[in-house]
Amino acid sequence: RKEVEQDPGPFNVPEGATVAFNCTYSNSASQSFFWYRQDCRKEPKLLMSVYSSGNEDGRFTAQLNRASQYISLLIRDSKLSDSATYLCVVLPSGGSYIPTFGRGTSLIVHP
Amino acid sequence: GAGVSQSPSNKVTEKGKDVELRCDPISGHTALYWYRQRLGQGLEFLIYFQGNSAPDKSGLPSDRFSAERTGESVSTLTIQRTQQEDSAVYLCASSSTQAEAFFGQGTRLTVV
Numbered sequence: 022r023k024e025v026e027q028d029p030g031p032f033n034v035p036e037g038a039t040v041a042f043n044c045t046y047s048n049s050a051s052q053s054f055f056w057y058r059q060d061c062r063k064e065p066k067l068l069m070s071v072y073s074s075g076n077e078d079g080r081f082t083a084q085l086n087r088a089s090q091y092i093s094l095l096i097r098d099s100k101l102s103d104s105a106t107y108l109c110v111v112l113p114s115g116g117s118y119i120p121t122f123g124r125g126t127s128l129i130v131h132p
Numbered sequence: 011g012a013g014v015s016q017s018p019s020n021k022v023t024e025k026g027k028d029v030e031l032r033c034d035p036i037s038g039h040t041a042l043y044w045y046r047q048r049l050g051q052g053l054e055f056l057i058y059f060q061g062n063s064a065p066d067k068s069g070l071p072s073d074r075f076s077a078e079r080t081g082e083s084v085s086t087l088t089i090q091r092t093q094q095e096d097s098a099v100y101l102c103a104s105s106s107t108q109a110e111a112f113f114g115q116g117t118r119l120t121v122v
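Just so you know, the sequences run in chain order L and S.
Heads up, the first sequence is in our numbering, so the first residue is 22 and it goes up one at a time.
Heads up, the second sequence is in our numbering, so the first residue is 11 and it goes up one at a time.
Hints in this document: simulated from the structure, not taken from any laboratory.
Bear in mind the structure is a predicted one, so any value in this text is a computation, not a measurement.
Some hints here could point you the wrong way.
With a straight-line cut-off of 25 Å between C-alpha atoms, the simulated BS3-like cross-links for lysine-lysine are [unchecked claim]:
{"#": "1", "chain 1": "S", "residue 1": "Lys27", "chain 2": "S", "residue 2": "Lys67"}
{"#": "2", "chain 1": "S", "residue 1": "Lys21", "chain 2": "L", "residue 2": "Lys66"}
{"#": "3", "chain 1": "S", "residue 1": "Lys67", "chain 2": "S", "residue 2": "Lys25"}
{"#": "4", "chain 1": "L", "residue 1": "Lys63", "chain 2": "S", "residue 2": "Lys21"}
{"#": "5", "chain 1": "L", "residue 1": "Lys23", "chain 2": "L", "residue 2": "Lys66"}
{"#": "6", "chain 1": "S", "residue 1": "Lys21", "chain 2": "S", "residue 2": "Lys67"}
{"#": "7", "chain 1": "L", "residue 1": "Lys100", "chain 2": "L", "residue 2": "Lys63"}
{"#": "8", "chain 1": "L", "residue 1": "Lys100", "chain 2": "L", "residue 2": "Lys66"}
{"#": "9", "chain 1": "S", "residue 1": "Lys67", "chain 2": "L", "residue 2": "Lys23"}
Using the sequences and the accompanying hints, generate a full structural model.
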């Protein structure tokens, strides 16, 4: 089993739609979780951290389910500019703090 | 500087040549990472530096790859005797301990 798994998509949605991505991780001792966004031929950029209680940033909501070892990202009222690849990132606790990246989920928002 | 800086941004080299890639992390960040991303693929971990501790080299694909970092400053990734399969974007990131990583714009390496 891969350490961090994501559905590669692509998710093809119209503007204004709500879309959700899930990501599962294998290391139950993982401590920190993030969602990154990567535009075509660009570097990954932090979208938001994921907190145990769930957190929201404008149209974006992130949630963590430790029992089932998955995190989710919900995007409401999708914009054309949301088209990108969304990377799930998991940081283990103890030892080497090496962020492990999922392969990413591709989102295409069309008019 | 304000962000992670990598140079060169693009590098074309002939098969068999050595290349050196440079990364300037965000000032004060103790952790520095190198990743590789092949076209259409995910990020592949290469090496991790944390302060003055011994680096975690577990991701380096072969002994042709090596990296150095002086203290908590600049890092260089060296690829010796480049092969065509080394063609990829090499991304450097830095972070404070257990915090989110910030990436440079990457070096796009093409081996011809």
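Against the structure, the hints come out as follows:
Proposed proximity of Lys27 of chain S and Lys67 of chain S is supported: the alpha carbons are some 22 Å apart, at most 25 Å. Of the supplied pair hints, the one linking Lys21 of chain S and Lys66 of chain L holds, its CA atoms being roughly 23 Å apart against a limit of 25 Å. At roughly 24 Å between alpha-carbon atoms, Lys67 of chain S and Lys25 of chain S fall within 25 Å of each other, so this suggested pair holds. Of the pairs offered as hints, the one joining Lys63 of chain L and Lys21 of chain S holds, with about 16 Å between alpha carbons and a cut-off of 25 Å not exceeded.
With a CA separation close to 23 Å, the supplied pair Lys23 of chain L and Lys66 of chain L stays within the 25 Å bound. With a CA separation close to 23 Å, the supplied pair Lys21 of chain S and Lys67 of chain S stays within the 25 Å bound. Between Lys100 of chain L and Lys63 of chain L the CA atoms are separated by roughly 19 Å; this keeps the pair inside 25 Å, and the hint holds. The suggested pairing of Lys100 of chain L with Lys66 of chain L holds, with an alpha-carbon distance near 18 Å, which does not exceed 25 Å.
This hinted pair checks out: Lys67 of chain S and Lys23 of chain L have alpha carbons roughly 20 Å apart, not beyond 25 Å.
Taken one by one, the earlier hints all hold for this structure without exception.
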